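Each chain, letter by letter, is given below.
There are 2 protein chains.
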Amino acid sequence: MSLVIIGSVAFDTIETPFGRRDRIIGGSGTYAALAASFFTRPGLVSVVGRDFPRRFLDRLRSRKIDLAGLKIKQGKTFYWHGRYDQDPNLRTTIKTELNVLQDFKPVLPESFRKADLVFLSNLDPESHDFILDQLTGTRLVAMDTIRYWIENKPEALLRAIQKVDILFVNDEECRLIARELNLVRAGRKLQAAGPKVIVVKKGEHGAMLFGKNFVFGVVANPCERVVDPTGAGDAFAGAFLGYLDSTGRFNQRELRKAAVYGNVVASLVIEDFGVDGLLRASQLDIINRYQQFRKLCAF
Amino acid sequence: MSLVIIGSVAFDTIETPFGRRDRIIGGSGTYAALAASFFTRPGLVSVVGRDFPRRFLDRLRSRKIDLAGLKIKQGKTFYWHGRYDQDPNLRTTIKTELNVLQDFKPVLPESFRKADLVFLSNLDPESHDFILDQLTGTRLVAMDTIRYWIENKPEALLRAIQKVDILFVNDEECRLIARELNLVRAGRKLQAAGPKVIVVKKGEHGAMLFGKNFVFGVVANPCERVVDPTGAGDAFAGAFLGYLDSTGRFNQRELRKAAVYGNVVASLVIEDFGVDGLLRASQLDIINRYQQFRKLCAF
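In order, the protein sequence lines correspond to chains A and B. Reminder that position 13 of the first sequence reads as 13 in our numbering, one-by-one numbering, no gaps. Reminder that position 130 of the second sequence reads as 1130 in our numbering, one-by-one numbering, no gaps.
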C-alpha cells in the first residue's frame, strides 16, 4: 500500500493564551504526513524555500516520510501567522505570505504516481486536475479544503468534490458548501454529490462520517488543555488516511476506525505547540490512546 | 424501584421556522415524566391551574404516571412563550407567566417520600432543602438547573449542587457554574464539588458524563429535521433517570446506558412540536432507536 500527500510545508507564528512561538514548522502537508507516519510510510509532495532548515527535513525522513516529491526552491518558505482567542475555536489570521507556494505546480515523482491513496490537502481546486492526470491506478483520492476556496472558487470546488472519493470538511465548511444549516442533511447532500464518504471534523465535538449506506458519529478525545489547535484537522486527515493505507481495506468498518484514529492523533496535536505533540509520540502512545478512548465511548 | 419527579407542568406557545403552536402542553415535569414512563412508573409532583385540561391529565395517567402529587389550584397554569431561530440552538423567551407556580411549595404525598430516585427539575435551589427534608431512604437525588438560577442565586445553587448525586447541566451552564471555559475541566471541577456524576447535555453534540473514576462521551442521535427543541433536555433527564430506576443498579455501566437512552428519547422530542413525539412513541420505538444508535456509534 502507499499514500501520497500533497500539501504545504510552512513556517508558522502562533499566539495562544498559553504563549507565542515564532516561525515554527507547520503546514497542512507536514501535519498530515507526520500523523500518517504512525501507520504507514507516506510520500510528501510540497515546496519549501532555501530558508527551510535541512535538519527538519532529516527529522521527517527519520519518520519514514518519503521526500522525493519535496522541492527546495529559490525564495522563502510559505509563512502563516495566526492568533487564538481564549476560546480555541476562534482564530484570527494576522499574516499569510505564500512565497514559494505562489506558483507551485505539484509534479509527482514517477514512484508516487501509482499510489493507492492520494490526499490533496487544501489545494486550489483548479489545480486538482493537473494532479489527477498524473495518477495511474490510484484507488482512492481524498481532499480537504479551506473557507478561502469555498468563498473564492465555489464552482471549481464543487467540480473537484465530484471527482474525489473522500472529502474532509469541518462542520462550518460542510454547511457552507451544501448551503444547508442542518449538519446531517448537509453531510448527506455532499455525499450524494459524488464522494464515497464525507468526513466532517467537528473539533471539540468529534467527527461524523456520511457514507452511502451508513452514518457514523464519534465524540472527540476529551482534552483538558488545548494549547494550540493548529494542524489538528490536517493531522486528523493524515492519521485517517495513514490508517486506511495500512489496512488496505476501504470498507465501512475500517473507515470508522480510521476516524477514531484521526480523533486520537488530533488530540495529541492540540496539547502542545505546532508539531511537538506528533514528534514526541510513539506508535505505542497512539495504541494506548485508542484503547483508552474505546473505553471512554463504550456503552 | 421508584422515581419521583418534581417540576413544572405548563402551557407553552412555541414559534419555530416550522410553524407556531399556541398554548400546547409543556413544562419540565411533563417532559421528564413522559420520557421516564418508557422505563418505569414515575410519580409527578407539580401544580396546575383550573384552566388545565383534565383529559391531558388522563393521558398522563394512561402512561402510568402517578399524579398523587399534582395539585390543581385556583388560578392559571404556568405559561411560557418562546421563539426559535433558523439555528435551533438560539431561542428567545417572549413571555413567562409563573401564575400558580409562583408560590408553589412542593409537598410530597406519603407514598412518594420513600422513593429511590428523586429528580428536582429546574427548581429554585433555595426550595431544595424543603423537599430533601421530606425524603426517607432515597438512594439518589438528581437535579437540573437553568441559567436564571445561575445568575440570580449562584451561592444557593452551589450549596444545592453539593447535596445531590446527579447534576444535569448543558455545556453552557457547566462552564458558567464552574467558571471554566474548557468543558472537560469544568465537568471535572463540578464533579469534585460533590455529585457522584455530572451529566453534561450538549444538544446536537451529544452528552458527556463525569464520574469519580470515569468520563463517558456520546454523540447525539443525528436528526435531519429539528422541528422544536423545547423539552429535549428535560426528556433526556427523565429517560436517564427512568432507565436507571428500571435497573435498580446505579453503577458506571448503567449510567452510560442511561445517557444513551436519554439521547435517544431526546431525539424523539425534537422531531415534533411539544410532547407529540413522546406521546406517539412506544417502548418498541425506543428499543429500535437504541439499537440503531448503537450501530451508528460502533467501531
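Think of the hints as simulated: they come from the structure by calculation, not from any bench. Note that the structure is a prediction, hence the values are computed from the model and not measured. A few of these clues could be false.
Claimed, not checked - So the derived label-pair ranges between C-beta atoms look like this:
1) 283(A) to 1151(B): 46 to 52 angstroms
2) 1224(B) to 153(A): 46 to 52 angstroms
3) 94(A) to 1163(B): 36 to 42 angstroms
4) 1295(B) to 129(A): 20 to 26 angstroms
5) 147(A) to 1093(B): 30 to 36 angstroms
6) 1097(B) to 90(A): 52 to 58 angstroms
7) 181(A) to 1282(B): 27 to 33 angstroms
8) 1225(B) to 129(A): 33 to 39 angstroms
9) 287(A) to 1179(B): 35 to 41 angstroms
10) 1093(B) to 135(A): 53 to 59 angstroms
What the hints assert, rightly or not - No farther apart than 27 angstroms at their CA atoms in a straight line, the calculated lysine-lysine pairs in the DSS-like style are these:
11) 1114(B) to 295(A)
12) 257(A) to 1071(B)
13) 257(A) to 1257(B)
14) 1295(B) to 202(A)
15) 189(A) to 295(A)
16) 1295(B) to 189(A)
17) 196(A) to 1295(B)
18) 295(A) to 1105(B)
Backbone N, C-alpha and C define an ideal beta-carbon position, used for all residues, glycine too.
Violations among the numbered hints
2, 3, 4, 6, 11, 12, 15 and 18
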